[in-house]
Amino acid sequence: MSLKNTLCAAVAASFLSAGVASADKLTIATVNNGDMIRMQGMTEDFTKKTGHTVEWVTLEENVLRQRVTTDITTKGGAFDIMTIGMYETPIWGKNKWLVPLDDLSEGYNAADILPAMSGGLSYDGTLYAAPFYGESSMIMYRKDLMEKAGMEMPKSPSWSFIARAARKMTDRDADINGICLRGKAGWGEGGAFITAMSNSFGARWFDEKWNAQFDTREWSDTLNFYKNMMDDAGPKGFATNGFNENLSLFQQGKCGMWIDATVAASFVTNPKDSKVADKVGFALAPDNGMGRRSNWLWAWALAIPAGTQKEAAAKQFIEWATSTDYIELVAAKEGWANVPPGARTSLYENENYKKVPFAQMTLDSILSANPKASTVDPSPYVGVQFAAIPEFAGIATEVSQEFSAAYAGKQTIAEALAKAQTITNDAMEAAGYK
Amino acid sequence: MARAVTNQRKAMNTFFAWALGLLIFFPILWTILTSFKTEAQAISDPPIFFFFDWTLENYKAVLERSDYAKFLWNSIFIAGGSTLLGIIIAVPAAWSMAFVPSKRTKDILLWMLSTKMLPAVGVLYPIYLICIELGVLDSRIALVFILMLINLPIIVWMLYTYFKEIPVDILEAARMDGASLRDEIIHVLTPMAIPGIASTVLLNVILAWNEAFWTLNLTAADAAPLTAFIASYSSPEGLFFAKLSAASTMAIAPILIMGWFSQKQLVRGLTFGAVK
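Residue numbers (numbering that gives the first Met the number 0), protein chains in the order written: chain A, 0 to 433; chain B, 0 to 275.
Hints listed in this document are in silico derivations from the structure and should not be mistaken for laboratory results. As the structure is a prediction and not an experimental result, all values here were calculated from the model. Warning: the hint list may mix true and false statements.
Restricting the straight-line Cα-Cα distance to at most 16 angstroms, the calculated cross-link-like pairs of lysine to aspartate or glutamate (EDC-like) are [as the list claims (entries may be wrong)]:
(1) A:74 with B:52
(2) A:271 with B:52
(3) A:74 with B:132
(4) A:332 with A:146
(5) A:274 with B:164
Work out the full structure: start from the sequences and follow the hints.
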């Protein structure tokens, strides 16, 4: 063998071995949402481009939360990438449990991430999780029923308009409820809805010294307004309804209006699953003229736990999954209506995406939510439908249980608020905030 | 007249037994039926029972998305392994409690059972940390040991109850014939207690198969059994009930089939010594 051939063979072998050595198997924990499942189907493209393979661990949202929290707090190392939300990211980032994503490649164009999203997924100005998709909440309503009620939905309605329309649209004989809203206990279910709604009534969870605020008139107004409207125009048993229950009711044509996550728009306009697909209109979540709307802000994002041995490969995956190229890949294979929404500014400048009926309203809703100033009076926390402190999930779950009991008529609103005040103040005191 | 009354009572009993059986079986039947519907049919109101366009679309989607064989094998390994290990430990333990009792035997049995009252989540972090230290996080072996320890009190208690029904004279006769302790347990006691051991095994396999706290919290990609397979189809944001039902049907099918074929043995074992 000549020297040239030998050298060529050696170089080829070294490249090959380098390629093999750098091919990692990534374990990714994620939720069972439509966009996430679609991503799993596209993984081949990532493997083809990088050589890395992916093992998916898909879990129900609450199970996933418990599972990844256990793993990250014990430094278990079971996952190389975790799907987490806006609540966990700043807390975990502050604790240095996540790898900062401040060195992503230039081609990734991190500046294109919607500011509301990057703000909610950062701590102290550093991005700790990249948004895979973002959502806010908005009104989805039946155009035919609104017309029948002799009313016209404005682009930015008020709560008083919504309550009037809900009562007018209600037809108990035809099994049509004017409005369907979450009432189910749980900080991410009914708790998220009522917190976002309370912002528009001028309420807040804490004052600037972390004192609970459930003894204020604003909270009383919020809960009384909600319960009166739901008693008159909501479905039976609304106190136990969450996203899925309301989605089912709306798809069956049993709701005049539904205020919930913007991702629901693709479900209710899908003729395969929805009986009212061609009759749905969209509007911004209501306000009360106090400068804050009642829509929330959320993102499912990809983050890397600190200490993973496969940080470089994990970053490559995150760049691939949250890139504009990925959006185009999904659009080419499954259509523009199915691309992950709410993460990148450029998506909303795309002419093809502008044709999707709920695209603009989704963007407007996201842009109208500000996690850093979500309340009318100043508050010490970040977050629209939550307060980004570790204690919040536990406290809000208990508080929402009291609220659900009041919706169901098991106690009065005043009793529920008094209990919420005690629960929150006790927990905050025990946690050392006061 | 008396015969007519007896027949009438028999018919009533049969009717109630069937009604009760169907009531208990209904959730499983509904899950199986839903697995053959489209997502829209799965949530239709009023619900559709039998008259819908039957489809295998959900099974196809589940099989395309998940490696069912891997989850199934993990379930078989974990449920089978923990049961086998549990029986090996529990037979001698139950023997000593049944035939060589001490003053504290009853207290020990009660204490063993009381450990079942501890909420599992209370020891999640210590167990998780132990698994990390031993390098057995997301491994089948760890789950075999943990599920064995969780179910051991029930196995010991059940075997103790069955062993107590066996006359001590038979064991003494074997001893007089020169049987060693090992021979006594393996060749005399065990064959006589086969119905009891079989029902203990079956019950323990079912418990281990359905265990969802530890199997979800201690596994990731490698050792996840069918409980994790089902959990991957549950979603609070999206109606995937038909696919979830297909996944559930596939997860419970093996244990249902096993239960169906071994029901005689199971009933015989569970009623062993119940009527004297």
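Going down the list of hints, with the structure as the test:
no.: 1; hint: A:74 with B:52; in the structure: violated (49 angstroms)
no.: 2; hint: A:271 with B:52; in the structure: holds (14 angstroms)
no.: 3; hint: A:74 with B:132; in the structure: holds (11 angstroms)
no.: 4; hint: A:332 with A:146; in the structure: violated (37 angstroms)
no.: 5; hint: A:274 with B:164; in the structure: violated (63 angstroms)
Of the hints listed earlier, those the structure fails to meet are numbers 1, 4 and 5, in rising order.
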